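As they're listed, the protein sequences go chains D and W.
Going by the working numbering, the first residue of the first sequence is number 1, and it counts up by one from there.
Going by the working numbering, the first residue of the second sequence is number 331, and it counts up by one from there.
Note that these hints are calculated values from the structure, not bench results.
The model shown is predicted, which means the values in this text are computed figures rather than measured ones.
Fair warning: there could be bad hints in the mix.
[Claimed, not checked] Taking lysine-lysine and the DSBU-like style, the derived pairs with C-alpha atoms no more than 35 Å apart in a straight line are:
id	chain 1	residue 1	chain 2	residue 2
1	W	Lys352	D	Lys117
2	D	Lys221	D	Lys183
3	W	Lys567	D	Lys55
4	D	Lys183	D	Lys294
5	D	Lys109	D	Lys183
6	D	Lys138	D	Lys184
7	D	Lys138	W	Lys343
8	W	Lys352	D	Lys109
9	D	Lys138	W	Lys352
10	W	Lys567	D	Lys204
11	D	Lys109	W	Lys343
12	D	Lys109	D	Lys138
13	W	Lys343	D	Lys55
14	D	Lys294	D	Lys184
15	D	Lys203	D	Lys221
16	D	Lys304	D	Lys262
[Unchecked claim] Short derived list, chain D residues pointing at chain W, Cβ under 7 Å:
id	residue
17	Thr51
18	Lys55
19	Leu73
20	Val81
21	Val85
22	Asn87
23	Glu103
Idealized CB from N, CA, C, for every residue including glycine.
Below, each chain spelled out in residue letters.
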Amino acid sequence: METVIQVSSLRKQYGDVIAVHDVSFEVGRGEIFGLLGPNGAGKTTTIRMLTGLTKPTSGTAIVAGRDCVRESLAVKQRIGVVSEVNNLYNEMSAWDNLMFIGELYGVDKSTRTARAKELLEAFQLFERRQDRLGTYSKGMKRRVRIAAALVHNPEVLFLDEPTSGLDVQSSRLIRSIARELNKKGTTVFLTTHYIEEADQLCKKVAIIREGRIVAEDSPEKLKASLPGERILEVAFSKDAPGIEALLQANGSVVDVSREGNKYRIGTTNTSIVVMELVQLASLNDLEIVSINTKQPSLEDVFVKYTGLDAVQLERMELLRAAKAGTGRGG
Amino acid sequence: MRDFITKALCIAKKDASIYYFKPQIFGFGILIPAFVYLSFSLGREIPPELLVPGLVGMVSLFGASSVEAISIAMERQTETYELLQTAPVSTAGIVFGKSLAGSAFGIALSLITALGSALLSQSQITSPLLFVTGVVFGSFAFSALGILVAAATRDMPTANISLTALRLPMIFIGGVFVPIHALPPWLSLISYLTPLTYLVDALREAMVGPTVSLVIDLIALATWFAILQALAAIVLKRRTEL
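Isolated chain D (complex conformation) (with noise of 0.2 Å):
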């Protein structure tokens, strides 16, 4: 797959303290690649400094083929930028600030009239196309700030935090969205405190924590990578005494314990869990009535290499909100 970012060794420093600390990783053409972490990980100073908006300290970040730093202008070209404010003009319209951002990247008024008027219409705002942004909700801004970053068809469109902040509905909507770009072929880059918004977009997850990328992988991989973490779910037809105890016998169990009239066991190998359990099935004249597979899910892999779960993270972001007024992440 073709390489649309490749970041090297890319580091900020401000005084002494490093907000990245030399990052390296690549994102494929057409991939959705999220960068996931707490509050004040590196997350926005990464994407500033891929997108021009901060010069690295070291190390060089090449974006659709240009080096960020000496060919800044040519990769503002050819990437969107949404950042997690709402950052286009409130006295405007929706259909004035798109006609701005076209012209300031040289598209020309046909092109950027068609191009308007069909990312309004696929967005759900052509009707409001006129009215001041200042009276838009969070939601149809943030729609309009994705619609402004793709009047010129970017290559790759980076995202900060794209949901963060918004009711429901405008977070779906927002994600098939970001969907629809990728299946089109746009590679879309974004940073993510919601783990679940990660699971679910992301071809590939890089986890940071203290400026440092401490995993990086598909999320299923990722999910796969954590060892005796998979469970295996197990009802029988009728109570099944000693059954916790043979199978603590087993050397791929690690634990099992009952909730409800389910079994739930620890296992590192679940093809000789159920082998076993169903010749125990058969032993003791058992039924099994059901049986599920459960795999760690993103967030157990969040809480293994940052130690911060989702409530915890979502708390962090709260306060930060709160603190900033603005939303601005880290």
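We have chain D already, so just place chain W on it with the hints.
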């Protein structure tokens, strides 16, 4: 170069549509110079060749510098400046675009003032074209001054206070109320370090009949513009590229 100009014009058009009508512009760009001038001129017999250039120079200074000082401060505060930063336009291009918007405002306001004051004082402008040229050069320099001050300060109140702190002394030593030759020698020397001095002198020359001094004034104003523009771009880049 064409791309640079096109994008700068695009930014200028946007700024004109948003910031010309902000109440702060009316206060800092129009009301303050009007009050300052009235408080110093009421009850005094001021000859037209002193009144018109002084008043127009002051209006150009306040008008051109206010628009972009407020625009830069507001854009940084509301983070719309980041939108410009993410676009394929250099900081110099952004500053030039903003200079265009600020100077257009200053030019329009100055020419209306020139026309009104010349009519009221029943005076004539000997070289209208050179008068307009002076207004254009001066407004560009003052617009860049406004951007530089806003770039160097952290918010709008600080930008406005800093700009006012710079503009008021410039008025007193720039030949607006008192001719330069009437100033103490040390103060007249300092007066040549401000662009307003050159604008007021250029406008006076254009009114009474131009001499070689007007050419020097125009060169000085163009130099001021180039220096302030370059400094504004450097400071703005440093302050925003964190």
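Here's how the hints hold up against the structure:
Between Lys352 (chain W) and Lys117 (chain D) the alpha-carbon distance is near 30 Å, which keeps this suggested pair within the 35 Å criterion. With a C-alpha separation of about 22 Å, the suggested pairing of Lys221 (chain D) with Lys183 (chain D) holds against the 35 Å cut-off. At most 35 Å may separate the alpha-carbon atoms for a hinted pair to count; Lys567 (chain W) and Lys55 (chain D) meet this at roughly 11 Å. Distance check on the hinted pair: Lys183 (chain D) and Lys294 (chain D) sit about 29 Å apart at the alpha-carbon level, within 35 Å; holds.
Of the pairs offered as hints, the one joining Lys109 (chain D) and Lys183 (chain D) holds, with about 27 Å between alpha carbons and a cut-off of 35 Å not exceeded. For the proposed pair Lys138 (chain D) and Lys184 (chain D), the alpha carbon gap of about 26 Å is at most 35 Å, so the pair holds. Proximity of Lys138 (chain D) to Lys343 (chain W) is assessed by CA-CA distance (about 27 Å); at most 35 Å being required, the pair is judged to hold. Only pairs whose Cα atoms come within 35 Å are accepted, and Lys352 (chain W) paired with Lys109 (chain D) is accepted, the gap being roughly 28 Å.
Annotation: proposed proximity of Lys138 (chain D) to Lys352 (chain W) holds, straight-line Cα distance about 24 Å (limit 35 Å). About 34 Å separates the Cα atoms of Lys567 (chain W) and Lys204 (chain D), which keeps this hinted pair within 35 Å; it holds. Restraint check for Lys109 (chain D) and Lys343 (chain W): the C-alpha separation of about 15 Å stays at or below 35 Å, so the hint holds. A threshold of 35 Å between alpha carbons decides the hint, and for Lys109 (chain D) with Lys138 (chain D) the separation of about 28 Å falls inside it, so the pair holds.
Taken as a hint, the Lys343 (chain W) and Lys55 (chain D) pair is honoured in the structure, with Cα atoms around 29 Å apart against an allowance of 35 Å. Under the criterion of a C-alpha separation no larger than 35 Å, the hint pairing Lys294 (chain D) with Lys184 (chain D) is consistent with the structure, at around 33 Å. For the hint linking Lys203 (chain D) to Lys221 (chain D), the alpha-carbon distance of about 10 Å falls within 35 Å, and the restraint holds. Distance restraint check for Lys304 (chain D) and Lys262 (chain D): the Cα-Cα separation of roughly 26 Å lies within the 35 Å cut-off, and the hinted pair is therefore satisfied.
With a least beta-carbon distance of about 6 Å to chain W, the hint placing Thr51 (chain D) at the interface is held under the 7 Å criterion. Nearest Cβ of chain W to the Cβ of Lys55 (chain D): about 6 Å, under the 7 Å cut. The hint holds. Proximity of Leu73 (chain D) to chain W holds as hinted, the smallest CB-CB distance being about 5 Å (cut-off 7 Å). A cut of 7 Å between beta carbons decides the hint on Val81 (chain D): the least distance to chain W is about 4 Å, and the hint holds.
With its C-beta approaching chain W no nearer than about 5 Å, Val85 (chain D) sits inside the 7 Å limit, and its interface hint holds. With its C-beta approaching chain W no nearer than about 5 Å, Asn87 (chain D) sits inside the 7 Å limit, and its interface hint holds. The beta carbon of Glu103 (chain D) is positioned within 7 Å of a beta carbon in chain W (closest approach about 5 Å), and the interface hint is therefore held.
Checked against the numbered hints given earlier, this structure breaks none of them.
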